[in-house]
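Enquirer: Assemble the whole structure, with the sequences as input and the hints as a guide.
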Amino acid sequence: MDSSDHLNSNNNVAPVLEQSEAERQCEFLLQLRQVDARLLDCIAQSTHSLMYIEQLVQSAWKLFPQAVRPCFLWCDQEQTRWRILNHQDWQADMADAMGHLEHVPQSLMTFVASPSRQFGHESAISSRASWHHWHGFLAQHNLDHCALVSVPDENGDWLTMCLFFETLSESEQSYLNWCVQQFLASLPHWINALVVRRAADEKLQEHTDEQTGLLQPHAFQNGLGMMLRDARRYFLRLAFATVTVKDELEAAELKLLSDTLRSTLRDNDLLSSFGEREFVMAMRIGQLDDAEVVATKIMTALQETDPNEVSLLANGVSIGVAFYPEHTDQNRLYFASKAAAGAVTEKLGYRLEYYGKFVRNLDEAYQE
Numbered sequence: 003m004d005s006s007d008h009l010n011s012n013n014n015v016a017p018v019l020e021q022s023e024a025e026r027q028c029e030f031l032l033q034l035r036q037v038d039a040r041l042l043d044c045i046a047q048s049t050h051s052l053m054y055i056e057q058l059v060q061s062a063w064k065l066f067p068q069a070v071r072p073c074f075l076w077c078d079q080e081q082t083r084w085r086i087l088n089h090q091d092w093q094a095d096m097a098d099a100m101g102h103l104e105h106v107p108q109s110l111m112t113f114v115a116s117p118s119r120q121f122g123h124e125s126a127i128s129s130r131a132s133w134h135h136w137h138g139f140l141a142q143h144n145l146d147h148c149a150l151v152s153v154p155d156e157n158g159d160w161l162t163m164c165l166f167f168e169t170l171s172e173s174e175q176s177y178l179n180w181c182v183q184q185f186l187a188s189l190p191h192w193i194n195a196l197v198v199r200r201a202a203d204e205k206l207q208e209h210t211d212e213q214t215g216l217l218q219p220h221a222f223q224n225g226l227g228m229m230l231r232d233a234r235r236y237f238l239r240l241a242f243a244t245v246t247v248k249d250e251l252e253a254a255e256l257k258l259l260s261d262t263l264r265s266t267l268r269d270n271d272l273l274s275s276f277g278e279r280e281f282v283m284a285m286r287i288g289q290l291d292d293a294e295v296v297a298t299k300i301m302t303a304l305q306e307t308d309p310n311e312v313s314l315l316a317n318g319v320s321i322g323v324a325f326y327p328e329h330t331d332q333n334r335l336y337f338a339s340k341a342a343a344g345a346v347t348e349k350l351g352y353r354l355e356y357y358g359k360f361v362r363n364l365d366e367a368y369q370e
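Residue numbers (the working numbering): 3 to 370.
There may be inaccurate statements among the hints.
[Stated by the list, open to error] No more than 20 Å apart at the CA atoms, straight line, and that leaves these computed lysine to aspartate or glutamate pairs for EDC-like:
| hint | residue 1 | residue 2 |
| --- | --- | --- |
| 1 | K248 | E204 |
| 2 | K257 | D211 |
| 3 | K349 | E306 |
| 4 | K340 | E250 |
| 5 | K299 | D271 |
| 6 | K340 | E278 |
| 7 | K64 | E174 |
| 8 | K257 | E208 |
| 9 | K359 | D291 |
| 10 | K340 | E294 |
| 11 | K64 | E29 |
| 12 | K349 | E250 |
| 13 | K257 | D308 |
Rather than coming from a laboratory, the hints here were simulated on the basis of the structure. Remember, predicted model here, so these are calculated numbers, not experimental data.
Expert: Here you go:
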């Protein structure tokens, strides 16, 4: 074989090797997508936090069945208390029966105490003095590296995932490092999803918003659901209003605007905030014309608000009103009223949505 044949032979082999590496990476990413799907299911089903964390740990075991050993840590924000949440996977002499740690490596504490450093990597830990309480276990499992990611929870405490792994051959080490990096990059999103879900679960226990005193969105929807059931049973009419402010409000302005809108309601009417620029209202009415009275009442209250206290009102407020039984469920009422608010062209005004038309009064709805 001459030199040109040898060169052609190498050119034929190289793409095969590159494809093999690409295939391995693609397979790993597909497995990572499956982990995403499982964790999304857990969040959607409001799975208990400890079960979610167990799913995270099990995902690491499945993705790295031999080369990596996961350790999920919790510590308080002062770093005075530490616990291995998956302590069953670790030796009893490293933590007590509940997973509490007495000896925490200094480099691990330093990493967690540096929030600007979300990711970390420790090498040669089986021989480093700060890890000496872990040396027996690390040596037993040939673990010499540790990749870390740390995320604060809703209380300011820290959730830290440590991925311990051994030193491999150069090619295998390169592939493993790549896989660990992909997993680590996903971990903050997975952990933050848990933190946000726990905060949402806690909020769902609240009936009203502490800042504004308005109904929480879920409480508003529950109340509206009961109003709709009564309306169907007793053949009643409802009006649903969306009030949209064109600019975001500061906390003091939001509170004042909330109080202003609340002053227009009767005892059994509902009011909630869907974000800082949108309010929704639901009220029982005797006839369609009552909706004009309601919209005018809201406009009058807004016009009387001191512009120095709610300066952003000068940029415009739109009010849209939809009706039940013309719209038979919550979603249709909301979208119809929001569309009506979007049809307002003046700085402060309202529109009624009636069978696809956006009008100032019902007489307009019957005009050709």
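Enquirer: Run every hint past the structure and note whether it holds.
Expert: Hint check:
As the CA atoms of K248 and E204 are separated by approximately 30 Å, the hinted pair breaks the 20 Å bound. For the proposed pair K257 and D211, the alpha carbon gap of about 11 Å is at most 20 Å, so the pair holds. Restraint check for K349 and E306: the C-alpha separation of about 15 Å stays at or below 20 Å, so the hint holds. A C-alpha spacing of about 17 Å is found between K340 and E250, which places the hinted pair at or below 20 Å, so the restraint holds.
Of the pairs offered as hints, the one joining K299 and D271 holds, with about 14 Å between alpha carbons and a cut-off of 20 Å not exceeded. For the hint linking K340 to E278, the alpha-carbon distance of about 15 Å falls within 20 Å, and the restraint holds. Simply put, K64 and E174 have alpha-carbon atoms about 18 Å apart, close enough for the 20 Å limit, and the pair holds. The suggested pairing of K257 with E208 holds, with an alpha-carbon distance near 18 Å, which does not exceed 20 Å.
Distance hint between K359 and D291 is fulfilled; the C-alpha atoms sit about 16 Å from each other, no more than 20 Å. The hinted pair formed by K340 and E294 meets the criterion: a straight-line CA distance of about 16 Å does not exceed 20 Å. Straight-line distance between C-alpha atoms of K64 and E29 comes to about 13 Å, which keeps the hinted pair within the 20 Å bound. With a C-alpha separation of about 16 Å, the suggested pair K349 and E250 falls inside the 20 Å cut-off, and the hint holds.
Distance restraint check for K257 and D308: the Cα-Cα separation of roughly 13 Å lies within the 20 Å cut-off, and the hinted pair is therefore satisfied.
Hint 1 from the list above is the single one not met by this structure.
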